[in-house]
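Asks: Quick note, the sequences are listed as chains A and B, same order. Here the first sequence stands for residues 1 to 442, where the numbers follow UniProt numbering. Here the second sequence stands for residues 1 to 442, where the numbers follow UniProt numbering.
Please note that the accuracy of each hint is not assured.
Any copy will do: because identical chains look the same in the list, a pair fits if it lies in one copy or spans two.
[To be verified] Straight line, CA to CA, 27 Å or less: simulated DSSO-like cross-link-like pairs of lysine-lysine:
(1) Lys-288 / Lys-111
(2) Lys-288 / Lys-9
(3) Lys-53 / Lys-206
(4) Lys-379 / Lys-288
(5) Lys-124 / Lys-375
(6) Lys-12 / Lys-288
(7) Lys-288 / Lys-424
Just so you know, the hints here were simulated from the structure itself, not pulled from any lab data. Since we're looking at a predicted model, the values are computed, not measured.
Number of protein chains: 2
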Amino acid sequence: MGARKPFSKVIKANIGDAHAMGQVPITFIRQVLACVTYPDLIDKADFPPDVKKRARDILGACGGGSIGSYTASHGIEQIRQHVAEYIERRDCHPARWQDICLSAGASTGIKNVLQLLCNHLDGKPSGVMIPIPQYPLYSASLAEYGLTQVGYYLDEAAQWGLALDELERSYKEAQKDCNVRALVVINPGNPTGQVLTRSNIESIIKFAHAHRLLVFADEVYQDNVYAEGSQFHSFKKVLRELGEPYSSTLELASFMSISKGYMGECGLRGGWAELVNLAPPVQAQLYKCVSAMLCPSALGQAAIDCVAKPPMPGEPSYEQWAREKANVLSSLRERATLIADTFNQMEGFKCNVVQGAMYAFPSFELPPRALEAAKAAGKEPDVFYAFELLEQTGICVVPGSGFGQRPGTFHFRTTILPQPELLKQMLDSFKQFHQAFTAKYA
Amino acid sequence: MGARKPFSKVIKANIGDAHAMGQVPITFIRQVLACVTYPDLIDKADFPPDVKKRARDILGACGGGSIGSYTASHGIEQIRQHVAEYIERRDCHPARWQDICLSAGASTGIKNVLQLLCNHLDGKPSGVMIPIPQYPLYSASLAEYGLTQVGYYLDEAAQWGLALDELERSYKEAQKDCNVRALVVINPGNPTGQVLTRSNIESIIKFAHAHRLLVFADEVYQDNVYAEGSQFHSFKKVLRELGEPYSSTLELASFMSISKGYMGECGLRGGWAELVNLAPPVQAQLYKCVSAMLCPSALGQAAIDCVAKPPMPGEPSYEQWAREKANVLSSLRERATLIADTFNQMEGFKCNVVQGAMYAFPSFELPPRALEAAKAAGKEPDVFYAFELLEQTGICVVPGSGFGQRPGTFHFRTTILPQPELLKQMLDSFKQFHQAFTAKYA
């Protein structure tokens, strides 16, 4: 059974996997999925009538009335319509269902749109601007598609916002070697937990417009906003409200997932992209490429339907749904505060407010002798620290070098997902570890 | 509402989508899925105890006991073990669960393995031999990955078997422009419906071994064998029984899906690959690439579990499961015979026995005046015919040029999936159409 360790179990704070850390599924979603899976339940189970109606509606949109039939490659039309209505309610601006492309999670959607940029122009590859630190899906997919990674640093001192001069610097330097064609923004931020201000988003849109960049708005954490005064502004909404010339010309793809938010349904694989201002032949090409892969999971699409069109006030499932959603989000809010506060009490640590998403990304200082020990062990200092933490406490976090960070700085990403009691234990254990580590290498 | 047509509904015989054409889901699969989706059902629903035990076992292998958690990228280990056991029972030869990679349908698995061949050697792209006619996933994926399509013709006169001299011709011609590195074989055949003989498979293995080709054995129709005297032989089994030097050196990837067989669960998106004799670093690279996409649908994996480990004799669900499976397959068998017999009675038609899979791919002759009419309409003759068929009868089939065919020959693919009554109507309507068409262009 391997070596004995000084802890009883590993705490997986390394991945945004809510249910794995004890978050309970939303009843409405699961009742609807059970009914579409085993339609006898529509008649027989003791489920609320709006659950049963929803299941019937979804099955009515499936070939042969079975969730086991292929759907259209970009998703069931009725569910795309519900997504468009969701976006309209969110933004108070129109959305077209024809511009909604369902996918097996946001990752697939992002990769599909990235692939549109694969062509070389004037013999140079396309470049895609991504934040540093960034979610590694981007670096991995850029490598896969032969696209050039163009990093821009987020401004840690300004709550991980995007600084215009840094965007310009990054663009200008990269333009020598590639055609910079797209800009990725993750809001709320992963791994950094910021929620962008409206004025920051306006500046980003103007920058992207000036350089004719396609904006990838990774907005999968749009429901995960915790901090007082923070609010989620979708790129689509800000774009529309900025008016011309931005509103009808800036190309934008916004991504959403059922894996995050209050649902945390990672295993079901469901997500969508809204495509804004894409040239019709480009969008047609995207839909054609998508069609080679048949369709995203029909059950994942059914879950998307429940997220895009949740129970409304007055409907039988509304109260339970609203209560479950509020409980998840308020508990996450408390944990976001607890985790940042705790880190900020630790020697050498500095942690921005976790305004949103599911992660803290604190910076920490290491004593010179720890840097030497890391070097002797052949590891980056943040990797060395994270391994020591794991070995001593069972707490699993991801070193900052996995996401990128300014040279000479050290970070790690931890999720805020352990349930409250476990999180408190984890943070106590972390504090003790850090004291011992600091003492050892003082 | 568009123009009036001379038929009341479209019969979608163009795609292997069993449930959409009225096939009923297997109860065991759906009961297990309902339970893992809504675990209260494990206690409350009137389901057999083996269903409930299976659901508990699957949830026990999920993070936090929820199907909403991410799984490992190549699938839940317990389910990979069940797949290995399934293969051992099928072949009477050992299988290693570490060599099983679960995926969101066979298509994803095939694309993942194809992508391993993307590197250029000596400045030449890699070539992949694919049958003509072929399932278009292959041509589309080869184009996507910059791989060279190397077509070899199936021998229509020999029940769509693989002729060695044709394989050699194809290989030799292609080797000038690319490095031929892989050979795709679809058995039972799509769109062609053949089931390869054991001796044909032996020859193919020897050919692949002589040229050091990775064999893609697309075996998703392994349960769909209908013809008297036909039997499914997996490439893995034949490889093992051929002994050395083949058994431990030929690289093989075999693909399976829950979308076909007796299950027809296309919408759930589940499949697997068994990797045989891949160099460990190559397999590690594949698993690494797969990990960028998080995981296949956990519900799709749960369905794979039900397929790989169905109820066994003596278990409560066995009899119903066995009856449902037998009913689906015997009905498909009758339809396979009916459809080929009917085509063979039609003037100018020739249809091989539909030994397996879900399709017939008859050849047909067209009178010279029909060829002229097609030319005038700017369509390939088989496309012209298929469009006329659709316009006149509502029967939707796919022209042979979508799959490839020898120049000057004309085919189409129809599924055998319309339920018996509808299929009879469809074939009557088809006969009338063909008589009228032939008369019109005589």
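Asks: Now, for every hint given, state plainly whether the structure supports it.
Replies: Hint-by-hint comparison with the structure:
1. Lys-288 / Lys-111: both (14 Å within a copy, 16 Å between copies)
2. Lys-288 / Lys-9: between (47 Å within a copy, 26 Å between copies)
3. Lys-53 / Lys-206: neither (45 Å within a copy, 58 Å between copies)
4. Lys-379 / Lys-288: between (45 Å within a copy, 21 Å between copies)
5. Lys-124 / Lys-375: neither (38 Å within a copy, 42 Å between copies)
6. Lys-12 / Lys-288: between (39 Å within a copy, 20 Å between copies)
7. Lys-288 / Lys-424: Result: close neither inside a copy nor across copies, 49 Å intra and 34 Å inter.
Comparing the model with each earlier hint shows violations of hints 3, 5, 7; every other hint is respected.
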